[in-house]
Amino acid sequence: ETGVTQSPTHLIKTRGQQVTLRCSSQSGHNTVSWYQQALGQGPQFIFQYYREEENGRGNFPPRFSGLQFPNYSSELNVNALELDDSALYLCASSLGSPSRGAPALHFGNGTRLTVT
Amino acid sequence: GNSVTQMEGPVTLSEEAFLTINCTYTATGYPSLFWYVQYPGEGLQLLLKATKADDKGSNKGFEATYRKETTSFHLEKGSVQVSDSAVYFCALLSGGSNYKLTFGKGTLLTVNP
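Sequences listed follow chains L and F, in order. In this text, residue positions in the first sequence follow our numbering: the first is 1, and each later residue adds one. In this text, residue positions in the second sequence follow our numbering: the first is 1001, and each later residue adds one.
Looking at chain F on its own, in the form it has when it is part of the complex (with noise of 0.2 Å):
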């Protein structure tokens, strides 16, 4: 079946420190990927996506690329700030009839000022 497997948390940086969190999937036929990111006390917010092998999703400073030979959508920011503290969670949508989404356990950021 599809999985996601996020590295684990907590991170926690200084601001304008540089963000690496790893994702890897495992997935049959060619699946989209996501990162969604999870404010306190709030839902789900689509952060970036990536539908075919090699394209690069990016939004607000965020950036990640699907590498379909090592199964892995890396999420990166240069820059982080403080506003940046959340869950961020990577998911894969699975090809077929529905939008199941499949999602990673999510990485907890912490970023100090």
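Chain L extracted, bound-state conformation (with noise of 0.2 Å):
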């Protein structure tokens, strides 16, 4: 099966422009979550969707949108970006409903996004 991938690898961007990452699920996944890593720190949670729709999102501005696709593959966009929105992005994706607890989520190698 294959697993979690992200495109690009990386990427950089100037102050104020706006980015779009991508990410395919594991095969079969429904659920799929962005997570942020900033240089020395643990991931913080952006948002997840579930079949298509936004499933709890964490303390990040609306500035940071998403999409699931039909095939559950995701998008995750940033406008106006920030130099401190330069960090790994980080996908997961899962199997289940959100009301079964403890899934196994499955990470992507993430983006490096660089904003100067």
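The hints are simulated quantities; they were obtained by calculation from the structure and are not laboratory data. Take these hints with a grain of salt, some might be off.
Once the Cα atoms are required to be at most 25 Å apart in a straight line, the calculated SDA-like pairs of lysine to any residue come out as [stated by the list, open to error]:
hint, chain 1, residue 1, chain 2, residue 2
1, F, LYS1049, F, GLY1009
2, F, LYS1105, L, LEU39
3, F, LYS1060, L, GLY3
4, F, LYS1052, L, GLN44
5, F, LYS1049, L, ARG57
6, F, LYS1105, L, VAL115
7, F, LYS1056, L, HIS106
8, F, LYS1056, L, ALA104
9, F, LYS1105, L, PRO61
10, F, LYS1105, L, GLY58
11, F, LYS1105, L, ALA87
12, F, LYS1049, L, GLY56
13, F, LYS1105, L, GLY56
14, F, LYS1049, L, LEU95
15, F, LYS1105, L, HIS106
16, L, LYS13, F, GLU1042
17, F, LYS1105, L, ASP84
18, F, LYS1060, L, ASN109
19, F, LYS1105, F, SER1058
20, F, LYS1105, L, GLN41
21, F, LYS1049, L, SER27
22, F, LYS1105, L, GLN44
23, F, LYS1049, L, ALA104
24, F, LYS1105, L, PHE60
25, F, LYS1105, L, ASN109
26, F, LYS1049, L, GLY3
27, F, LYS1060, L, HIS106
28, F, LYS1105, L, ALA104
29, F, LYS1105, L, ARG57
30, L, LYS13, F, PRO1040
31, F, LYS1052, L, LEU95
32, F, LYS1049, L, GLY40
33, F, LYS1049, L, GLY28
34, F, LYS1060, F, LEU1108
35, F, LYS1056, L, LEU95
36, F, LYS1077, L, GLN41
From the two separate chains plus the hints, produce the assembled complex.
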């Protein structure tokens, strides 16, 4: 089975620009979550999608938005980029409904975003 | 809110030494607890997990026991190898309607031959 794949692997943007990051879920997984990992920190939850609907959001401003498609792949969009948005963005997929606990989250290798 | 506190690194050990990385948490309800490992240039891999009090998670020689009374989930390994060098993250999964993981800041482990 294929794992979680993210693209691109690296990206450099200028402050004020917009960026779209992409994630292909592991085969059969219907839930995808996005995390931001700043240098030297643990990942921070951005939001989660289940069956194409947002199903929870962390403490991130509205300029962070997402989509999940019918094939369960996903996009993370960030508008009006700021220098502090420089980080590793991780996508994780899992299988199951939100009412069940402790699913196994499978992470991709991330997209390294640098904002200059 | 939920939070995870890990011992600060970096931790440097010689091969075959004993490893302990401390992790304590604050959470409402009964969270599930996890250890993830991140090798250089890679994403996170689930190392082990425990879903209720007194459960012991184990994998690849690593172990951690869910201690509700001390709100702890310390990671241990009896004999580390050079290939164990990585960043280790303790995390909790809060109850509720989504799979939000709350992570600690991570502990860098370097094992020297």
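So, going through the hints one by one against the coordinates:
1. Restraint check: the Cα-Cα separation between F:LYS1049 and F:GLY1009 comes to about 22 Å, which is no more than 25 Å; the hinted pair holds.
2. Restraint check for F:LYS1105 and L:LEU39: satisfied, since their Cα atoms lie roughly 10 Å apart, inside the 25 Å limit.
3. Simply put, F:LYS1060 and L:GLY3 have alpha-carbon atoms about 21 Å apart, close enough for the 25 Å limit, and the pair holds.
4. For a cut-off of 25 Å, the pair hint linking F:LYS1052 to L:GLN44 stands: about 24 Å separates their Cα positions.
5. Distance check on the hinted pair: F:LYS1049 and L:ARG57 sit about 24 Å apart at the alpha-carbon level, within 25 Å; holds.
6. Using a Cα cut-off of 25 Å, the hinted pair F:LYS1105 and L:VAL115 holds, with the two alpha carbons roughly 22 Å apart.
7. Of the pairs offered as hints, the one joining F:LYS1056 and L:HIS106 holds, with about 21 Å between alpha carbons and a cut-off of 25 Å not exceeded.
8. Taking the CA atoms of F:LYS1056 and L:ALA104, the gap is about 17 Å. The hint holds against a cut of 25 Å.
9. Of the supplied pair hints, the one linking F:LYS1105 and L:PRO61 holds, its CA atoms being roughly 22 Å apart against a limit of 25 Å.
10. Between the alpha carbons of F:LYS1105 and L:GLY58 the distance comes to roughly 17 Å, so the proposed pair stays at or under 25 Å and holds.
11. Annotation: proposed proximity of F:LYS1105 to L:ALA87 holds, straight-line Cα distance about 14 Å (limit 25 Å).
12. For the given pair, F:LYS1049 sits about 22 Å from L:GLY56 by alpha-carbon distance, which is consistent with the 25 Å threshold.
13. With a CA separation close to 22 Å, the supplied pair F:LYS1105 and L:GLY56 stays within the 25 Å bound.
14. A hinted pair counts as satisfied when its Cα atoms are at most 25 Å apart, and F:LYS1049 with L:LEU95 qualifies at roughly 17 Å.
15. Between F:LYS1105 and L:HIS106 the CA atoms are separated by roughly 19 Å; this keeps the pair inside 25 Å, and the hint holds.
16. A threshold of 25 Å between alpha carbons decides the hint, and for L:LYS13 with F:GLU1042 the separation of about 22 Å falls inside it, so the pair holds.
17. Our distance criterion of 25 Å between C-alpha atoms is met by F:LYS1105 and L:ASP84, whose separation comes to about 17 Å.
18. For the hint linking F:LYS1060 to L:ASN109, the alpha-carbon distance of about 21 Å falls within 25 Å, and the restraint holds.
19. Between F:LYS1105 and F:SER1058 the CA atoms are separated by roughly 21 Å; this keeps the pair inside 25 Å, and the hint holds.
20. The suggested pairing of F:LYS1105 with L:GLN41 holds, with an alpha-carbon distance near 5 Å, which does not exceed 25 Å.
21. Note on F:LYS1049 and L:SER27: the hinted pairing holds, with a Cα-Cα distance of about 22 Å set against a maximum of 25 Å.
22. This hinted pair checks out: F:LYS1105 and L:GLN44 have alpha carbons roughly 10 Å apart, not beyond 25 Å.
23. Pair hint F:LYS1049 plus L:ALA104 holds up; C-alpha atoms about 9 Å apart against a cutoff of 25 Å.
24. Distance restraint check for F:LYS1105 and L:PHE60: the Cα-Cα separation of roughly 18 Å lies within the 25 Å cut-off, and the hinted pair is therefore satisfied.
25. The hinted pair formed by F:LYS1105 and L:ASN109 meets the criterion: a straight-line CA distance of about 18 Å does not exceed 25 Å.
26. For the hint pairing F:LYS1049 with L:GLY3, the CA-to-CA distance comes to about 20 Å; that is within 25 Å, so the pair holds.
27. The hinted pair formed by F:LYS1060 and L:HIS106 meets the criterion: a straight-line CA distance of about 18 Å does not exceed 25 Å.
28. Restraint check for F:LYS1105 and L:ALA104: the C-alpha separation of about 20 Å stays at or below 25 Å, so the hint holds.
29. Proximity of F:LYS1105 to L:ARG57 is assessed by CA-CA distance (about 20 Å); at most 25 Å being required, the pair is judged to hold.
30. At roughly 23 Å between alpha-carbon atoms, L:LYS13 and F:PRO1040 fall within 25 Å of each other, so this suggested pair holds.
31. Restraint check: the Cα-Cα separation between F:LYS1052 and L:LEU95 comes to about 21 Å, which is no more than 25 Å; the hinted pair holds.
32. The straight-line distance between the Cα atoms of F:LYS1049 and L:GLY40 is roughly 23 Å, inside the 25 Å bound, and the hint therefore holds.
33. Annotation: proposed proximity of F:LYS1049 to L:GLY28 holds, straight-line Cα distance about 22 Å (limit 25 Å).
34. A hinted pair counts as satisfied when its Cα atoms are at most 25 Å apart, and F:LYS1060 with F:LEU1108 qualifies at roughly 18 Å.
35. Taking the CA atoms of F:LYS1056 and L:LEU95, the gap is about 23 Å. The hint holds against a cut of 25 Å.
36. Note on F:LYS1077 and L:GLN41: the hinted pairing holds, with a Cα-Cα distance of about 23 Å set against a maximum of 25 Å.
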